[in-house]
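Number of protein chains: 2
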Amino acid sequence: MDRIVNRRDLAFQLYEVLDAEALTSYPRFADHGRDTFDAVIDTAERLALDKFAPHAAKADAEEPRFDGQRVHMIPEIGQALDAYVAAGFMAAHRDEADGGMALPWTIAQACAALFTGANASTTAYPFLTIAAANLLSVHGNRDQRSRYLQPMLEGRFFGTMCLSEPQAGSSLGDIRTRAEPMGAGRYRLKGAKMWISGGDHELSETIVHLVLARLPDAPPGVKGISLFIVPKHHVDDAGQVGARNDVALAGLNHKMGYRGTTNCLLNFGERDGAVGELVGEPHKGLSYMFHMMNEARVGVGLGATMMGYAGYLYSLDYARNRPQGRRPDQKDPASPPVAIIEHADVRRMLMQQKVYVEGALALTLHCARLIDQRDQTEDAEARAALVRLLDILTPIAKAWPSEYCLDANRLAIQVLGGYGYTRDYPVERLYRDNRLNPIHEGTNGIQGLDLLGRKAMIDGGAAFKALMAEIEATLAAAEAVHAVAPLRNALARLARRAALITADLGRLAAGGDVATALANSTPYLDMMGHTVIGWMWLRQALVAAAALDAGPAAGDRAFYEGKLAAARFFAAQEIPRADAQAAILESHDRSALDIDDAGF
Amino acid sequence: MDRIVNRRDLAFQLYEVLDAEALTSYPRFADHGRDTFDAVIDTAERLALDKFAPHAAKADAEEPRFDGQRVHMIPEIGQALDAYVAAGFMAAHRDEADGGMALPWTIAQACAALFTGANASTTAYPFLTIAAANLLSVHGNRDQRSRYLQPMLEGRFFGTMCLSEPQAGSSLGDIRTRAEPMGAGRYRLKGAKMWISGGDHELSETIVHLVLARLPDAPPGVKGISLFIVPKHHVDDAGQVGARNDVALAGLNHKMGYRGTTNCLLNFGERDGAVGELVGEPHKGLSYMFHMMNEARVGVGLGATMMGYAGYLYSLDYARNRPQGRRPDQKDPASPPVAIIEHADVRRMLMQQKVYVEGALALTLHCARLIDQRDQTEDAEARAALVRLLDILTPIAKAWPSEYCLDANRLAIQVLGGYGYTRDYPVERLYRDNRLNPIHEGTNGIQGLDLLGRKAMIDGGAAFKALMAEIEATLAAAEAVHAVAPLRNALARLARRAALITADLGRLAAGGDVATALANSTPYLDMMGHTVIGWMWLRQALVAAAALDAGPAAGDRAFYEGKLAAARFFAAQEIPRADAQAAILESHDRSALDIDDAGF
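Protein chains in written order, with UniProt numbering: chain A, 1 to 600; chain B, 1 to 600.
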C-alpha cells in the first residue's frame, strides 16, 4: 500500500471546503496553523505507511491466540503502537498540560483515520483507548483522571468499552452484569461481557475496562445502568499497577476481518468478584456512554471512509498499470493491450468509488469540525444549534460510509478481478475489515431507528429543519453557478422530496401507525444519506468551480475538474438511487410486516 | 447448517411453476417421474447436509497446502467426493449407457446447487469435472471420450478448465501458451495458466486439463486459439494412467473464500513440454468453450443462488430463535424480549433476502429447463428460438444472482449482528465464498458487455424481442388477477421503459457513440436483471394466486401467501431500484468517460 488518502483531496476538504484554519481563531487552537496541522498529518501518514500498513496482512493471517494464560500476537502490533504513542497520537487532541498537542478534533481524527485506513485492526487498540479516555475526561473524578486517564494518554494503559453481553447487544437495557457495593467507593462486579474489542492483550501495563452494570435495586431497563471502571489489574491509590483483578478472558471471537484486534468474551467476577469504581452517579451509565456517542460514531464512519479510500486508491493505481484488452474501436488483435483504466466499465467502478469515499470523507470531516465548534463555542444558543445538527447528522455519518465505503471495497476487488479476490492484494482484507462497520457502535438498523424515530422527529422536527436550512443555503449559493447545475437541480428536487416524506412519516407515526413508519427506517436512512452526501458533493463542486474560475495553479486543474465530473456523476448516477428509496418510502409498503412468519 | 433450500419452495418452482414433470414426455426422460426426481433430490440434500456441510468451516480454516511435491488437504473433502461419486452425481445427467441416471439437466443442476449451498469449495471439484466432461462429450473424439470422459464420469479422473494466464483473463485473445505438433496426433504445450481451480490435488487418479493454446502460425486474437487435453499424468492408449506429464504446480493462490478449492498457477512444459491432444479442429478452441458457456454460466448463477439461499435460511432460523429487544409499543423494560423476527427492520432484511434468493432460483431453474428443452427438441425452429432466449438470459442468470445473492449474504450477516461477523456461524463464509461469483466465468462487467453489446442487439434485436414477448405473455395472463396487480403494473411499466432504453442505446451505438452506450453496460445489465427477476416473481405470484383460489392444502396457505407478499415487496421495494438504473441509462451520463485520468 503506497497511499491511504489522496493528500491533495484531504487538503482540499480540510482547508478549501471546511476552512479548518479558521479553527485557530478559537483560543484553544491559537498556537496552531495550517503548517502545524500539515506537519502532524505528514507524521501520521508516514507512520501509518511505514509502521501500520506493512504488517496488516500478517496480523490478518496470524491471529492473536490465547493459550489459556495470556494472549499472543505478532510483535509488529506492539511496535507500531509504541511508535504511535511516541509520536503523540494517543493524546493528540488533549491539552498540552495533559501531554497532548491541543489539536482540533478534526485534525486529530483525520490522523486517526489514516491509521485505520492503513491497518484497521492494529488501530482499534488506540481508537478504543481514546474513546474510553474521552469519557473519563468528562465523567471521571479527579482521582480517576489521575490514576486511569493520565496513563491512558501516555499509552501505558489501554482502554475498552464493555457494553454488550451474550444475550444483550442492540438491547442494552437487558444487560445483567451486577455491581455490589463493597464500601470505600468500591464495587464488586459479576457478569459476562461479549464483543469486547481489545478486551485482553499484553500491549499495555493494564487495561481499563469501562463496564456497564446494574447496582442492586436498580430500576429495570436503560434507566438502571451504571458505569464502572474495572481494570484488568488492581491500580492502587498512587496509580501503581498491582495484582490481577478478577477479570478473565473466557474466549477470543474469531472474526471475518479485524483479525489483529482481540475480540473477547470477558468474565467479570468468576471467582471473588471484579473490583471496580463507579463513574459519575448511579444509573446514569448509559447516558454517559451516549454522551460520547457522536464522536464515536463519526469516528467509525471516518474509519470506514478511509478503508474505502485506501481500496479506491489501490484499485486506481492497479487500473493505471494493468494492461488488458483493447478499446471497442480497436479491432486489431495484434495491437498492444491498453491499461484497464481505459475501459468504460472500469472507469465507472473507479468513479463510483470516488464519489463514495470522497463524499463520505467530506461528511465525516464536516461532523468532526462541528464537534470542534460545539466544544469551543461559548455561546449557548450557537452551541445548541450545533448539537442539534450533529445529532441528526451522526447516524448518517456512521451508517452511510459504513455501507457505501464497504461497497467501494467491493468495487475495488472487482477492478482487480481474480487478483482482487486473493490475499496477496489488500483489497479483499479491506472488504472483510470494513464489513464490521455496519454492525458495531450501533448496527445500521439502530442508526435508522435513531434517525427516523428520534432525531428527525424530536422538538417538532427542529433538527431536521436545521439540516434542511443548511442544505437550502448551499443550494442558494449554487443558484448562479452553471458548472454545478446538474447536481444543484437534482439535489434541490431530492431535498424537497425528502422533506415531504419526513413530514408524511411523522404523520403516520403520530397517527399511531408507528410500525409502518419504522419498517421504513432503513430506506429512510439511505435516502437521507444520499441527500446529505449529495449536499457534500455540491459544497465541494462549488469550491472547485470557484477555484477554476479564479484560475487554478498549474497542477490543480485536473483535480478541480475531477471534482466537477464527480458531482455530475453523483447527480446522474447516485441521486436516482435516492429516488428509489424515496419511492419505497412513499409506497408505505407493509409486505414485510404483514407476511405470516410461516410464509418466509 | 440444517437446511440449504426450502424444499417446499424447490418443489413449487420445479413442479408448479416450471412443470418439470412435463420433461418426461421427451423420450430421453420417459422412465422418470416426479417420484424419481424427488428421490434424487432427497439423496442430494441428505448427502450435502451429512457429508459436505459439516466440513465446510474446517476446509475454510485449514486450506490446502503445497509442500513442493504434492498438495495436502483435509481428508473430509475426499471422503465427501467419494460419496458424491458413489451416489451417482458425477454422471447424473448422462445416459444410462454411460453409467448415468439420464436425469434432466434441470434436476441434475438443482442437485448440484444443493452441494454448492452446503459447501461451495468442495463442490467445485465435481462442478469443474462435469463442465469438462460435458465439453468432451460433444467435442472429443471417440478415443478421447473413452480414455478421458468415461473415467471422469466414473469419478476416477477429475477435470479443469485452463483458460486464463497471468497476463490474460478477460482478454483471452492474448493468451500465449503454445502447442507444437510432435506427430501422431500429439502436441507439446508450453505456457503458464492462472486461476486454475482444482488445478492440482490428490483426489483423483489424474487430472484432465482442458487447455487453450496457440498452434504455430495461428492467427492472432481469439481466432487462433485451439483446445487441448493435457492430463496431469500420461494416459496410454488403453486408458492406463502412467508417469507424470510435464504439468507443474507453480503455486497455490490464497483466496478470500472458496478456500478448500485449490486454485493454481500451473506451468505447462517447464522441462520438456507437456504432452497434449487436440480437441476437435484447430483454432476453434474458444468456440468450443463458448459452446458450453450457457450451461457453465447458468450453473454459476444457480450456485450463487444456493449460497444466498443457505444464508437466508440460516438467518431466518436465527431470527426466529434469538430474543432481543421489544416491539415499539411495549414500553415495560421488565417484559420479556421478543424474537428478533418481530422487529420490522429484521423482517425487511429477511424479505429482501427472500425475494433475491427465490427470484434467482426461479430464473436459474428456468434457464436450466430451457437447456433441457433445447437439447431434446427435434424441431429446428423451436430449437433456434430456445437458443435465442437462453442466449439473452444467460448473462443475467450469471450476473444477477452473483450480485444479489451476495447481497443476501451481506444481509444474513446483518441479521446475526456481531455473531454473523464471526467464523462460528456460516454466514460470513458464505459471503466470502459468494464474492467469487461476480468475478469468475466472465466478470459481471463482461456479462454486461455481452448483454448490451451483443445479445440485446444482434439480429435486429431478435433475442430481446423474444424475451419481451415472453414477459408480455405473462403480463397478459396476469391482467385479470387482482392479487398480483401491484407487481403486474409495476413490471409492465418497467418492461416498456426497458424496451425504450434498449432501442435508444442501440441507436446511440449505431450512430457511432459506442463508448457512451457501453459505459452503461452495467446499469443496463442491472436494470434488465431486475426486469427479468420481476417477471419471475410475477410467474410465481400467478401460480400462488391460482393455488389460493383453488383452495390450498392445509399447510400450504402461508407458503402461497408468502409468495404474494414477496411479489408485493418486489413491486414496492425492488422495481424502484430498476427505475434508478433506467434513469441512469436515460441520462447518457459520460462523466466517468470524460474525466481526465489525473482527475481521479
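Hints listed in this document are in silico derivations from the structure and should not be mistaken for laboratory results. Among the hints, erroneous ones may be present.
If the Cβ cut is set under 8 angstroms, some of the chain B residues that face chain A in the computed set are [claimed, not checked]:
#1 GLU96
#2 GLY173
#3 GLN324
#4 GLY445
#5 ARG568
Covered stretches of chain A, as calculated for chain B (at least 3 residues, CB under 8 angstroms) [what the hints assert, rightly or not]:
#6 36-48
#7 557-571
Ideal Cβ placement from N, Cα and C applies to all residues, glycine included.
Structure-based check of all given hints:
1. GLU96: The hint is violated - B:GLU96 has no Cβ within 8 angstroms of chain A, the shortest such distance being about 39 angstroms.
2. GLY173: holds, 5 angstroms
3. GLN324: Because about 5 angstroms separates B:GLN324 from the closest Cβ in chain A, which is inside the 8 angstroms limit, the hint holds.
4. GLY445: holds, 4 angstroms
5. ARG568: holds, 4 angstroms
6. 36-48: violated (count 0)
7. 557-571: Coverage by chain B holds here, the residue count being 9 at a Cβ distance below 8 angstroms.
Violated hints, listed in ascending order, are 1, 6; each of the other numbered hints is respected by the structure.
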